[in-house]
Amino acid sequence: FVAIKLPASADKQKGRSFFYFDSRQEGWIKSKLLITNNRSAIGATISQLYGIDEGHTFAIAYNDDSPDGPVEGKRGHSKGVAVFDENVGFWMVHSAPNFPPSSGEC
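In our numbering, the protein residues as written are 274 to 379.
Check the hints yourself; a few may be wrong.
Here are the simulated DMTMM-like cross-link-like pairs (lysine to aspartate or glutamate), alpha carbons at most 25 Å apart as the crow flies [said to hold, decoys possible]:
(1) 278 x 337
(2) 352 x 337
(3) 303 x 327
(4) 305 x 327
(5) 287 x 327
(6) 278 x 299
(7) 352 x 295
Treat the hints as calculated values from the structure; they're not laboratory data.
Work out the full structure: start from the sequences and follow the hints.
This is the structure we're talking about:
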């Protein structure tokens with residue numbers, strides 16, 4: 274799937290809303306669920322980061338804004354999540370400050 278997060282300035286949900294497109298659709302659809310909801314496409318994907326088999330899975334979440342700290346907008350941004358085992362995986366690059374949550378709230 275492909276998703277585009279709405280900027281906080283254009284979103285009453287403070288940048289947690291997104292449009293979504295996958296192979297089963299004919300066009301972009303605004304998700305009814307936020308990126309932080311574990312039933313949304315993004316939330317369900319990110320939730321794979323929590324509770325992994327550390328002996329057989331590579332997992333990393335990186336964000337220049339810490340999950341619980343203030344958002345800092347004076348420099349370039351680098352944010353993403355990657356989870357891989359010996360068979361499958363994903364790497365999601367994103368622009369959401371303080372995401373994903375460190376406690377597995379997704």
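Checked hints:
no., hint, in the structure
1, 278 x 337, "holds (17 Å)"
2, 352 x 337, "holds (6 Å)"
3, 303 x 327, "violated (34 Å)"
4, 305 x 327, "violated (33 Å)"
5, 287 x 327, "violated (33 Å)"
6, 278 x 299, "holds (19 Å)"
7, 352 x 295, "holds (22 Å)"
When each numbered hint is compared with the structure, violations occur for hints 3, 4, 5.
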